[in-house]
Each structure stands twice: as structure tokens, then as C-alpha cells.
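Residue numbering for the sequence shown follows my numbering, starting at 625 and increasing by one per position.
It is worth saying that the hints were derived from the structure and are not from the lab. Accuracy of the hints is not assured; some may be wrong.
[Stated by the list, open to error] What follows is a set of in silico ranges between Cβ atoms, one per label pair, in the way DEER data are often shown:
{"hint": "1", "residue 1": "G767", "residue 2": "T636", "range": "40 to 46 Å"}
{"hint": "2", "residue 1": "T635", "residue 2": "G747", "range": "27 to 33 Å"}
{"hint": "3", "residue 1": "N779", "residue 2": "E731", "range": "17 to 23 Å"}
{"hint": "4", "residue 1": "G664", "residue 2": "A764", "range": "43 to 49 Å"}
{"hint": "5", "residue 1": "K730", "residue 2": "A634", "range": "19 to 25 Å"}
{"hint": "6", "residue 1": "D746", "residue 2": "H653", "range": "46 to 52 Å"}
{"hint": "7", "residue 1": "S626", "residue 2": "G747", "range": "30 to 36 Å"}
{"hint": "8", "residue 1": "S659", "residue 2": "R627", "range": "38 to 44 Å"}
{"hint": "9", "residue 1": "R704", "residue 2": "L650", "range": "28 to 34 Å"}
{"hint": "10", "residue 1": "L742", "residue 2": "I660", "range": "47 to 53 Å"}
{"hint": "11", "residue 1": "G687", "residue 2": "Y629", "range": "32 to 38 Å"}
{"hint": "12", "residue 1": "C684", "residue 2": "D746", "range": "32 to 38 Å"}
{"hint": "13", "residue 1": "C705", "residue 2": "L681", "range": "29 to 35 Å"}
{"hint": "14", "residue 1": "V678", "residue 2": "D752", "range": "31 to 37 Å"}
Idealized CB from N, CA, C, for every residue including glycine.
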Amino acid sequence: MSRIYFDNAATTPLDQRVVEAMMPFLTEHFGNPSSIHAHGRKTRSAIEQARRTVAGLLNCSPGEIIFTSCGTEADNMAIRCAVRDLGVTDIISSPIEHHAVEHTVKEIDASGQARAHLVRLDGQGHVDMAHLEELLAGLATEGRKALVSLMHANNEVG
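Use the sequences and the hints to build the structure in full.
Here it is, written out as C-alpha cells:
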């Protein structure tokens, strides 16, 4: 019997081309990129080349590309840095966000660093766009800066 895998939103098998591209860094060039020895410098060089490649694909500066170890770290970094460094005063998310977003937003709200707002969902779990526009318009009228964090594919229901 053949299997069908339905959890690609969470993790996906590696494409063979990715496996081949990564193999040297898993077997030979495994140096700590923060080290000054030859192995470390070679790894650092590869990371910086990857950063330039991604930046080129996204039409941005390599300095704007930050590699993280996982989605939770990326979510936390984006939200916390937006509040701390960009002056975000309000965060809009939904009641069905991933815990990485939900818990961080609740903590920031409880600490008074920014206010949390939940956008309504329809019966299918889709964002009520009229409500989102209403929230954003109200915050703009008050001169507040908002971050909207909404997932594209839900980790539990797809």
C-alpha cells in the first residue's frame, strides 16, 4: 500500500539537489563559521555566499538575510525585534496562530511592550479581511504602528 504524506507545511523531505549541495557541509566542511581556523573560514565563506544568493533571489541586501535554526526562533526574532527596534506598538494575529507566535504575542502584551489584537475568522478559519482593515485603520488613526502576523498554512489543520 502506498502512503501519502499530508504534513508538508510542518516539514518536507529534502529535495535530492539540496541533499547533494549540503553533503560537503555535513561530511567535510563542518567547521564552526565563527572560528578563525581554516575550517571555520571556509564554512563562513559558504554561509556568506548562500546569504548573497538568497538576497539576490529576494532583491534585497545580504545584510537583510538572517538565517535561524527553526521557525520558532524566526517568529520570535521577527516579532520581538519589530517591537524593540522598529517601534511597533500593536500586534495583530489570529486566534489560530502557531504557539511560537501566540505565546510571544501574549507575553509582549502582558509586559506592556505592545498591545495584542486578534482578527476575527470566518467559519472556514479564514481571516475576516474587513475586520483586519478595520483594526489597521483604527490603529493608523491613533498614529500607532502595527505588525500583522498571520500564518499561511495552519500547523494543525492545514
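Hint check:
A hinted range of 40 to 46 Å holds for the C-beta pair G767 and T636, which are about 42 Å apart. The hinted window of 27 to 33 Å between T635 and G747 holds, with their beta carbons roughly 29 Å apart. For N779 paired with E731, a C-beta distance near 19 Å keeps the hint of 17 to 23 Å intact. Between G664 and A764, the C-beta spacing of about 47 Å keeps the proposed range 43 to 49 Å intact.
Taking the beta carbon of each, K730 and A634 are about 22 Å apart, inside 19 to 25 Å as hinted. Between D746 and H653 the CB atoms are about 50 Å apart, so this pair conforms to the stated range of 46 to 52 Å. Evaluation of the 30 to 36 Å hint for S626 and G747 yields a pass: the beta carbon distance comes to about 34 Å. Range check, S659 to R627: Cβ separation about 42 Å, and the 38 to 44 Å hint holds.
At about 31 Å, the CB distance of R704 to L650 agrees with the hint of 28 to 34 Å. At roughly 48 Å, the beta carbons of L742 and I660 sit within the given window of 47 to 53 Å. For G687 paired with Y629, a C-beta distance near 37 Å keeps the hint of 32 to 38 Å intact. Taking the beta carbon of each, C684 and D746 are about 34 Å apart, inside 32 to 38 Å as hinted.
Separated by about 22 Å at the C-beta atoms, C705 and L681 break the suggested range of 29 to 35 Å. Here the CB-CB span from V678 to D752 is close to 34 Å, well matched to the stated 31 to 37 Å.
Checked against the numbered hints above, the structure breaks only hint 13 and satisfies the rest.
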